[in-house]
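Work the whole structure out from these sequences, hints included.
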Amino acid sequence: MIYTFDGSLSGLLTAVFEWFERKPGHIKLQLSDIFQPDAFTESFEVITNEEKADRVWKGLQKKLKKDWQRTFYCSYLSEIPEAYNHLFQFALYIFESADGASANFGNDHVIALSKYAKSVEREKHRMEAFIRFQKTADGRFYTSIDPDFNVLPLISNHFKNRYADQQWIIYDLKRKYGLHYDLNAVEEVTINFSDGAKTPNPSPALMDEKEELYAILWKDYFKSANIVARKNTKLHLQHVPKRYWKYLTEKQLA
Amino acid sequence: MSDRIREKLNILADAAKYDVSCSSSGGTRKNDNKGIGNSHTSGICHTYTEDGRCVSLLKILLTNHCIYDCLFCVSRKSNDIKRAAFTVDEVVDLTMNFYRRNYIEGLFLSSGIFKNADFTMERLLLVCKKLRLEQSYNGYIHLKTIPGASDELIKEAGLYADRMSINLEMPTEAGLKLLAPEKSHADVIKPLGFVQQNIVQFAEDKKLIKHVPKFVPAGQSTQMVIGATPESDKDIMYTANAFYKNFSLKRVYYSGYVPISNDSRMPVLGTQPPLLRENRLYQTDWLMRFYGFKVQEILNDANPNLDVDIDPKLSWAIRNMQHFPVDINKADYRMILRIPGIGVMSAKKIVQARKFGKLRIDQLKKIGVAYNRAKHFITCADSPYQLKDYQGTQIKAFIMADSQSKYLKTDNNQLILF
Chain A
0 MIYTFDGSLS GLLTAVFEWF ERKPGHIKLQ LSDIFQPDAF TESFEVITNE EKADRVWKGL
60 QKKLKKDWQR TFYCSYLSEI PEAYNHLFQF ALYIFESADG ASANFGNDHV IALSKYAKSV
120 EREKHRMEAF IRFQKTADGR FYTSIDPDFN VLPLISNHFK NRYADQQWII YDLKRKYGLH
180 YDLNAVEEVT INFSDGAKTP NPSPALMDEK EELYAILWKD YFKSANIVAR KNTKLHLQHV
240 PKRYWKYLTE KQLA
Chain B
0 MSDRIREKLN ILADAAKYDV SCSSSGGTRK NDNKGIGNSH TSGICHTYTE DGRCVSLLKI
60 LLTNHCIYDC LFCVSRKSND IKRAAFTVDE VVDLTMNFYR RNYIEGLFLS SGIFKNADFT
120 MERLLLVCKK LRLEQSYNGY IHLKTIPGAS DELIKEAGLY ADRMSINLEM PTEAGLKLLA
180 PEKSHADVIK PLGFVQQNIV QFAEDKKLIK HVPKFVPAGQ STQMVIGATP ESDKDIMYTA
240 NAFYKNFSLK RVYYSGYVPI SNDSRMPVLG TQPPLLRENR LYQTDWLMRF YGFKVQEILN
300 DANPNLDVDI DPKLSWAIRN MQHFPVDINK ADYRMILRIP GIGVMSAKKI VQARKFGKLR
360 IDQLKKIGVA YNRAKHFITC ADSPYQLKDY QGTQIKAFIM ADSQSKYLKT DNNQLILF
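Chain order of the listed sequences is A and B.
Everything in the first sequence is counted per numbering that gives the first Met the number 0, starting at 0 for the first residue and increasing by one.
Everything in the second sequence is counted per numbering that gives the first Met the number 0, starting at 0 for the first residue and increasing by one.
Treat the hints with care, since some could be wrong.
[As the list claims (entries may be wrong)] Capping the alpha-carbon separation at 25 Å, the derived lysine to any residue pairs in SDA-like fashion look like this: (1) A/Lys241 x B/Cys53; (2) B/Lys209 x B/Val187; (3) B/Lys364 x A/Lys230; (4) A/Lys209 x A/Lys250; (5) A/Lys117 x B/Gly25; (6) B/Lys29 x B/Glu155; (7) A/Lys230 x B/Ser382.
By construction, these hints were calculated from the structure, which means they are not laboratory data.
Remember, it's a predicted structure, so these values are computed and weren't measured experimentally.
Dropping the structure here:
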């Protein structure tokens with residue numbers, strides 16, 4: 000049997016609730032929009048219900064330590080279709096086992112979640128490292144990104160704590176929302192780009208007059224810090240895969 | 000104006016790059032004054048240069064004018080190069096503007112010695128104070144302790160810096176005397192010890208009094224140049240071990256010598272830096288710090304140098320086959336950590352997971368064990384029966400036959416006859 004859901008975290012948790020209410024035996028969880036019914040398998044559409052979701056989440060909080068709650072959430076943010084089913088099976092496994100079952104790395108779902116979470120945490124860390132702000136003429140620090148996973152919720156605190164005295168915007172072009180910090184709090188924003196463009200960089204006319212100077216100085220520094228005799232392109236690419244170069248000021252040609 | 004600052008940055012970043020330390024970890028400073036900057040405990044590498052090294056800090060010299068003439072150093076007095084010096088405000092301005100754009104994790108400030116040690120140390124201290132007090136900057140600061148500077152200056156600097164370091168330069172006193180007759184290890188040991196005492200003292204006070212300022216919260220580190228003088232790996236690692244023990248250092252860095260001078264006492268210009276050797280030394284360093292190995296187990300009079308073709312952990316295992324095979328489902332954590340092909344993360348997962356049932360090969364693979372390597376040293380729930388006990392040398396040959404070194408372009412494997 001197949002359960003389908005809307006892709007939200009609440010939807011996923013509701014599915015867990017529905018399973019325990021019905022106990023239909025082994026089922027698979029799938030996204031509604033990519034679900035293809037076939038003649039031999041029954042399906043059931045989970046209707047997202049905040050109350051039910053909330054009860055399941057509270058239950059998970061009792062059974063899981065903080066680090067595993069985060070692993071669960073990170074795996075969800077991976078947005079990988081197979082991850083949803085693993086999350087669902089993992090939740091069932093946790094509820095049906097004694098406390099501490101998340102330490103069973105011999106279990107397929109436990110190991111799957113820890114791998115998804117590792118990928119998401121790595122992407123989060125890369126965003127914290129590779130984002131480059133540009134100072135705009137009105138004094139804000141702006142950047143746009145299109146990360147592999149939906150990591151904005153995970154990086155919000157890091158940037159809020161670090162850049163507490165400057166206004167900044169980080170915009171996810173792929174998921175069409177961003178974070179704006181106004182010196183007090185971080186808020187979710189959506190921007191309508193007038194030209195509909197996906198250009199990650201605003202036009203130079205909108206920039207602070209010194210922005211170009213610091214970009215040049217940074218590029219200079221990046222070149223000076225390199226030791227030519229130790230050139231190691233393979234290692235370089237391993238640390239900074241090409242898909243991240245578009246973020247990096249130092250990787251842009253003059 | 001901008002051309003001059005560009006030129007200075009080029010000169011002073013270029014002169015600073017041979018200091019390999021770039022870690023920004025261990026900082027504990029929180030942004031609690033609504034200022035700028037908040038330490039990230041594990042540090043962040045913001046980019047990597049084309050040689051594959053991490054760039055986390057703005058690493059510059061305040062000046063490359065220097066009164067010393069150390070042969071291994073580009074900034075030595077007798078070297079005919081362009082000289083430059085930043086003003087204190089220029090360093091502050093660069094740091095703040097790079098930090099605000101998320102280019103860097105902080106500042107690594109070092110300097111050539113101009114006039115004398117105290118004069119130099121005062122300038123370095125001034126930069127730190129301006130950043131902390133005037134700019135409300137809580138980002139990372141790695142400061143070089145200038146050997147010979149007064150205790151008062153060093154102690155005050157410790158209140159503003161996150162990490163301090165002094166380089167040993169050469170692994171042995173004899174090596175140092177050869178290339179820098181004006182210097183000695185004692186010059187390094189004294190300030191290292193002084194800072195260490197203060198770190199301990201501040202930590203003691205902290206237990207009694209609530210508001211004790213931070214003092215070098217990310218600890219101290221040092222660096223040795225490898226391959227400029229003829230020390231053995233044993234010399235190098237025994238020195239490192241002693242400094243880890245005596246001064247509770249956070250890190251010892253090993254910097255493969257990049258030839259920069261034509262002096263007959265050193266490798267000639269154009270010699271490749273000893274990258275593989277450097278790598279093996281770091282592996283040994285990791286084994287000492289995270290895998291519970293004693294340095295004497297890895298390097299001793301019988302084995303004064305590390306193997307080139309295999310890593311030191313595998314090398315130890317092959318020399319000590321009496322400890323193997325290890326039963327994954329029974330052995331204690333320390334022994335599992337010693338199995339080639341199993342790292343810290345996998346070892347931790349194994350000891351947690353085996354409480355739920357005996358682990359099988361497929362599970363070990365999913366956990367992240369490099370099974371093709373580990374299989375020679377372990378037994379688990381479904382290990383195949385093995386009638387023959389292989390010798391260490393045979394196992395080495397098996398492993399080398401199905402692995403490829405990053406460094407050696409041509410295989411130096413010999414065929415196995417039996």
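Each hint, compared with the structure:
1. A/Lys241 x B/Cys53: Given that 25 Å is the threshold and the Cα spacing comes to 16 Å, the pair holds.
2. B/Lys209 x B/Val187: 32 Å, violated
3. B/Lys364 x A/Lys230: Violated, at about 33 Å.
4. A/Lys209 x A/Lys250: 19 Å, holds
5. A/Lys117 x B/Gly25: Given pair A/Lys117, B/Gly25 holds - Cα atoms ~22 Å apart, limit 25 Å.
6. B/Lys29 x B/Glu155: Since the Cα atoms of B/Lys29 and B/Glu155 sit roughly 20 Å apart, the hinted pair holds (cutoff 25 Å).
7. A/Lys230 x B/Ser382: Answer violated: A/Lys230 to B/Ser382 is near 43 Å, above 25 Å.
In the structure shown, a violation is registered for the earlier hints numbered 2, 3 and 7, in ascending order.
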